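Asker: Listed in order, the protein sequences are those of chains A and B.
Read in order, the letters of the first sequence are residues 1 to 230 in this note's numbering.
Read in order, the letters of the second sequence are residues 1 to 230 in this note's numbering.
Since the hints were made in silico from the structure, they are not lab data.
Predicted model, so just to flag it, every value in this text is computed and none were measured.
All C-beta atoms in this analysis are idealised placements derived from N, C-alpha and C, irrespective of residue type, glycine included.
Among the clues, some could well be false.
[Unchecked claim] Pair ranges (Cβ atoms, derived): (1) Asp-128(B) <-> Arg-24(A): 39 to 49 Å; (2) Glu-110(A) <-> Asp-128(B): 26 to 36 Å; (3) His-168(A) <-> Arg-18(B): 56 to 66 Å; (4) Ala-15(B) <-> Arg-131(A): 31 to 41 Å; (5) Glu-87(B) <-> Pro-26(A): 41 to 51 Å; (6) Glu-11(B) <-> Asp-121(A): 42 to 52 Å; (7) Glu-87(B) <-> Gly-190(A): 16 to 26 Å; (8) His-168(A) <-> Ala-15(B): 54 to 64 Å; (9) Ala-117(B) <-> Arg-194(A): 24 to 34 Å; (10) Asp-121(A) <-> Tyr-163(B): 57 to 67 Å; (11) His-6(B) <-> His-162(A): 52 to 62 Å.
[As the list claims (entries may be wrong)] Partner residues are not named here, just some residues of chain A that face chain B (Cβ under 8 Å, in silico): (12) Pro-56; (13) Arg-69; (14) Ile-79; (15) Thr-85.
Protein chains: 2
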Amino acid sequence: MTPWSHDELVEQLRAVGREHYHDRHPFHVRMNRGELSRDEVRAWAANRYYYQKSIPIKDAVLLSQCPLREVRRLWVHRILDHDGTTEVPGGIELWLRLGEAVGLSREDLESDRHLLAGARDAVDSYVDFVRTHSWIEGVASSLTELFAPGLLRQRLDALERHYPWIEHAGFDYFRGRIDRSQRDGEEALGIVLRHAVTRADQESAVDALRFKCGLLWAQLNALSPAEARP
Amino acid sequence: MTPWSHDELVEQLRAVGREHYHDRHPFHVRMNRGELSRDEVRAWAANRYYYQKSIPIKDAVLLSQCPLREVRRLWVHRILDHDGTTEVPGGIELWLRLGEAVGLSREDLESDRHLLAGARDAVDSYVDFVRTHSWIEGVASSLTELFAPGLLRQRLDALERHYPWIEHAGFDYFRGRIDRSQRDGEEALGIVLRHAVTRADQESAVDALRFKCGLLWAQLNALSPAEARP
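This is chain A alone, in the form it adopts within the complex (with noise of 0.2 Å):
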């Protein structure tokens, strides 16, 4: 099988994401739309946490995977994005400002006593992944970061407008998140470009993309079974 040449390779990527990524479940539909009742503005940031806090351990199992030093100091940074440090707030501490700007405590989500099953399995799967495939498609699992910075922006504009109970200080999380998605994204992009270089691993890479956006879309039909969707 010959190679995909990388504008190929982008195509099919981008192909998984039009097709697969989570924008377009009915959840986040309804969510653009202002339709969300609080209570369930409250179990999805309370189920995303899960998702959040499980980031840094996906990406310690990756950089423990991967054997290239150059690719490991690409990666490192997402651990103290997400974690933070003494003296900046990481993606985890801004995601429980957000739980307590939509009237959750610090406890609630840490404590995962809202945690729905399916969302657990969902996150849980997808660090299980990581181990168990290789870097490089542990790498294309993140490629989603490409598709998100449309569907942040969109979510800060309706939650301002539609949700003017939550507290604006909740919104810190999406504002940093935005241009770092971006970044991120092209990162992995060209971390994959260089080193799918195989048909097999480029499809791979494919696959691995298209079980990430499965499993996001998991979490969304989690929390809202009446509308779920395979």
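Once you've looked at the hints, dock chain B against the given chain A.
Answerer: This is chain B only, laid out in the frame that chain A set:
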């Protein structure tokens, strides 16, 4: 079983170092007396490289096991310290320069062509240990850093004095490492004292340090079977 006080635990850990740290191995004793041949110095540098390059992998495994953000925040710099950045050479790069200073090529080290089975097994068993034990035991296994500054100072002095054929640019690894070992050892000790609070966890921490001393020792046994000691 009553937990040890902090002082008692520190004493238990230091006792392991006094008895099992590899500064007392005959190969190191000869190194410090200036009695190693050029080939022995080269074999040591080439084999120890495998340890150096595995350390960030081990630390990524450790991060991936640790659910505490505040501990991951403390630990992540170790990966950066070894891998370096585009601006600052890390420990792995400095060890490659040491290899060149003793007359090996980068390719000699990076290809593992001089790597002995016993040295490889010892290092692989370390990564495996961290993967299969608690993150606190992983942290405790790093406490050989507590004993490293003395050995590093002695080694730097011995190399400069007794091995004038080694290019001095090769010593940068040790120069930077003395202070960093001190800091890293104290940091890891603080984590162990805070988090190993039951007597069982404290004993596991001591066992982890004993295991680590054993594998440093095993690397030297592999290098010099004639003077191998249990």
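Asker: Hint by hint, say whether it matches the structure.
Answerer: Status of the hints after comparison with the structure:
1. Range check, Asp-128(B) to Arg-24(A): about 43 Å between beta-carbon atoms, so the 39 to 49 Å window is met.
2. Distance hint check for Glu-110(A) and Asp-128(B): the Cβ-Cβ separation is about 31 Å, which falls inside the suggested range of 26 to 36 Å.
3. Distance hint check: the CB atoms of His-168(A) and Arg-18(B) are about 59 Å apart, consistent with the given range 56 to 66 Å.
4. With their beta carbons about 37 Å apart, Ala-15(B) and Arg-131(A) fall inside the hinted range of 31 to 41 Å.
5. One distance hint, 41 to 51 Å for the beta-carbon pair Glu-87(B) and Pro-26(A), holds here, with the actual separation near 48 Å.
6. A hinted range of 42 to 52 Å for the beta carbons of Glu-11(B) and Asp-121(A) is consistent with their spacing of about 46 Å.
7. Checking the proposed 16 to 26 Å range against Glu-87(B) and Gly-190(A) shows it holds: the Cβ atoms sit about 19 Å from each other.
8. In this structure the supplied range 54 to 64 Å holds for His-168(A) paired with Ala-15(B), their Cβ-Cβ distance being about 57 Å.
9. Between Ala-117(B) and Arg-194(A) the Cβ separation comes to about 33 Å, which falls inside the hinted range of 24 to 34 Å.
10. The hinted range of 57 to 67 Å is satisfied by Asp-121(A) and Tyr-163(B), whose Cβ atoms lie roughly 58 Å apart.
11. Our hint of 52 to 62 Å for His-6(B) and His-162(A) holds, since their Cβ atoms are close to 54 Å apart.
12. Annotation: Pro-56(A) was flagged as interfacial toward chain B, and the flag holds, the nearest CB pair being 6 Å apart, inside 8 Å.
13. Of the supplied interface hints, the one on Arg-69(A) holds, with its beta-carbon coming within about 5 Å of a beta-carbon of chain B, less than 8 Å.
14. Below 8 Å, beta-carbon pairs count as interface contacts, and Ile-79(A) has one with chain B at about 5 Å; its hint therefore holds.
15. Contact between Thr-85(A) and chain B, as hinted, is supported at the beta carbon level, the nearest pair being about 6 Å apart and thus within 8 Å.
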